[in-house]
Amino acid sequence: MDHAKPVGGKIFTPPILFLSLLFLIGFYFLVVRYIYGIGSVSNLSHHQAWGVWKVMGVLVGAALVNGGYVTAFVVYIINKGTYHRFVRQAVLFSLLGYSFAGFSLAYDTGRYIGLLNFFIPKYMQTNSVLFEVGICITAYILILAIEILPAILEKFMPEGGQQNWAASLHAYLNKILFLTVAFGVLLPTMHQSGLGGLAFLFGQKLSPLWQTPLISLLYVISSIFMGFCIVIALECLTVADFKSKSYVNMLGTMMKMAFYVAILYSVIRWIEIFRNGAAGQAMELSFESLFFWAEWILIVIGLYLVSGQKKLSSPKNLFLGSCVLLTGGILYRLNTYIIGYESVPGLTYFPSLPELMISIGMFALQIIIFITIIKIFPVITKE
Amino acid sequence: MDIKRRSFLKGIAGAGAGVAATPLISGTALARESYKLQDEHVGMLYDNTRCVGCKSCEVACKRANNLPVEPDEALGIYDAPRDLSEKTMNIIKMYKDEDETAYIKRQCMHCVDPSCVSGCPVSALNKQPNGIVTWDADACCGCRYCEMNCPFNIPKYEYNEFYGKIVKCEMCINTNLPKHGQPACTEACPNEAVIFGKTKALLAEAKRRIKESPHLYVNQVYGEKEGGGTSVLYLTKAAVPFSKLGLPSLPDYSQASASESIQHTLYQGLIAPIVIYAGLAAIAFKNRSGDKEE
Ligand code: SF4
Ligand code: SF4
Ligand code: SF4
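Just so you know, the sequences run in chain order A and B.
Numbering of the first sequence is given in my numbering, commencing with residue 6 and proceeding in unit increments.
Numbering of the second sequence is given in my numbering, commencing with residue 47 and proceeding in unit increments.
If you are wondering where the hints come from, they were derived from the structure by calculation, not from laboratory data.
All residues carry an ideal CB built from backbone N, CA and C; glycine is no exception.
Honestly, I wouldn't trust all of these hints.
Only some residues are given here: those of chain A computed to face chain B with a beta carbon under 8 Å [as the list claims (entries may be wrong)]: (1) Ser50; (2) Phe205; (3) Lys250.
Across the chosen pairs, the derived CB separations fall in these ranges [unchecked claim]: (4) B:Lys271 - A:Ile302: 40 to 46 Å; (5) B:Lys142 - A:Phe23: 23 to 29 Å; (6) A:Ala284 - B:Glu270: 30 to 36 Å; (7) B:Asn206 - A:Val349: 16 to 22 Å; (8) A:Thr258 - B:Lys271: 33 to 39 Å.
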């Protein structure tokens, strides 16, 4: 067993109060949206039907939370048990992220009652990538909830190893853990490939700088390096056990994996860009090419920050490197769905303030819940 | 033991990569061809050499389908939509340069292999046996993926309603078509600039017109091949190519078929996911005991 402990401390600290304020503002606009329609709070329109809600909530959010998936893979599949200490917080963050992705899907959809049709056989449309994504998100939320349950149960287990309902459920979950873990690795892979696949159907409406039949694969690969990065960045922020050498070493090894995966991603991206004949487009001076190069500058700086063994053992480089690479991955997603997407030439989209506030407010709520849970339940391991 | 596990893992990773790469390398295994135009498919043929821009078709469409007017900005009294919208599912647009004027009628193209149908997660969009692409209010969840993926930007969500619908031309399938045997727009047109019929017959008619007066037309029937073909066909006057009328130049296969080829290869019979799942579960099961001691 690991030795995770509640962090403890006061719950209503000033940062939490500030985040609560953000949440309340977002919540107010959410109410307005439900009364007066999507158009009343957002800049979504016929030429940009998906905006910051979908991208933030589903694409970026879901990529960020991939920490749960890569740590499960490293610990249970490649069998690096020493990395076990990272699992719980990563899984918790994934769970919250995916729940919010599901939630933002709900307020983004215009006929939300119709969301139930995802589960009614008569309406299921199995050729649709979006259907696959919806089912994967739902199933994965379930799996993550099962993965995090032991931490909650431990709170209710009697001291000294006596049996009670919590203890026996805990033991049972441990027994079937391998079944859940396998789902926990398979589902996000399918789901990430689906998020890329969604953009493939945009066809020519997506700029050739991003459009490729390999977009599903690229989404999976980028989600893996982003998963490592989010685990490292979160560790630096919450645990930051830098005195322990083995701890820094482990972060370094994860960063190294992220490094190679990111290289693989870059190579495939560029092969596809040349194959598409889009290299010329990258050289033109345009809004699109600006964001395209911003994406690559981030990736290159990120890679540079963590190249070589020396940099990999510096907590500062690990933190900065993971943040920068992460931002590069986020921008890739933003670019495929907003910047590189053009249905009517010349018309652009920028989210409105209320629209942004809803996303920010919901994100704030996510952080509040995360912090509160690690204070109360045994999630984080410190030596 | 260690070696065994590694090789097992490699096997799975290899299988996974192989599955993912199949459609891209061989392009055949489970490739789904673009659907073909059927004999019973109906459609429209619009010929802008005959259109005078009277907009009778627009008015008739709104009347038949009970759509609200979109007043112009200056006076606020005329119905003057500027583009397709949630209030306007049929529109006449004009192209003008120094010496040429040309009209184009825009509405749903009723694609032979529509992206909107392929992408809709809850079967709200359907291609009927007669080829008309319809929308089902009970099924739709308002995700607006159809708005995002339609190559012609046709479906329009009602952003200013609290529970908006998707609005698009359904060739009057529940309104004028059963009543008068044809859509309101073709019925209203004084010049037969837009006509209704079986798509195959319309295609033959379009080709006949080009052959009869080659100097009059661009030598292309838009919709014969574009995006795998559409049930609505266009002819344009020789001086104004389709690109100037705002019609995209699409490949001659449907994006839906390309997308579904990849999907089917990955998920056919759920075989690949099940195999990979079983593999992952087996590995996790094997690693289970070692994990506890850590
Ligand atoms: S034009 Fe658009 S809405 Fe109409 S059938 Fe084709 S994809 Fe669907
Ligand atoms: S908005 Fe409705 S019709 Fe369009 S893709 Fe989504 S569920 Fe289907
Ligand atoms: S009614 Fe006929 S002539 Fe008049 S604008 Fe419509 S298509 Fe053109």
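Hints versus structure:
At a threshold of 8 Å, the smallest CB-CB gap from A:Ser50 to chain B is about 7 Å, leaving the interface hint in force. Restraint check, A:Phe205 versus chain B: the minimum CB separation of about 5 Å is within 8 Å; hint holds. Interface restraint check: A:Lys250 against chain B, minimum CB-CB distance 17 Å, threshold 8 Å, status violated. Restraint check, B:Lys271 to A:Ile302: a C-beta distance of roughly 41 Å satisfies the suggested window 40 to 46 Å.
Taking 23 to 29 Å as the suggested C-beta distance range, the pair B:Lys142 and A:Phe23 does not conform, at roughly 56 Å. Under the hint 30 to 36 Å, the C-beta atoms of A:Ala284 and B:Glu270, about 33 Å apart, fit the expected range. Roughly 19 Å separates the CB atoms of B:Asn206 and A:Val349, a value that falls within the hinted 16 to 22 Å. For A:Thr258 and B:Lys271, the Cβ-Cβ distance of about 54 Å falls outside the hinted range of 33 to 39 Å, so the restraint is violated.
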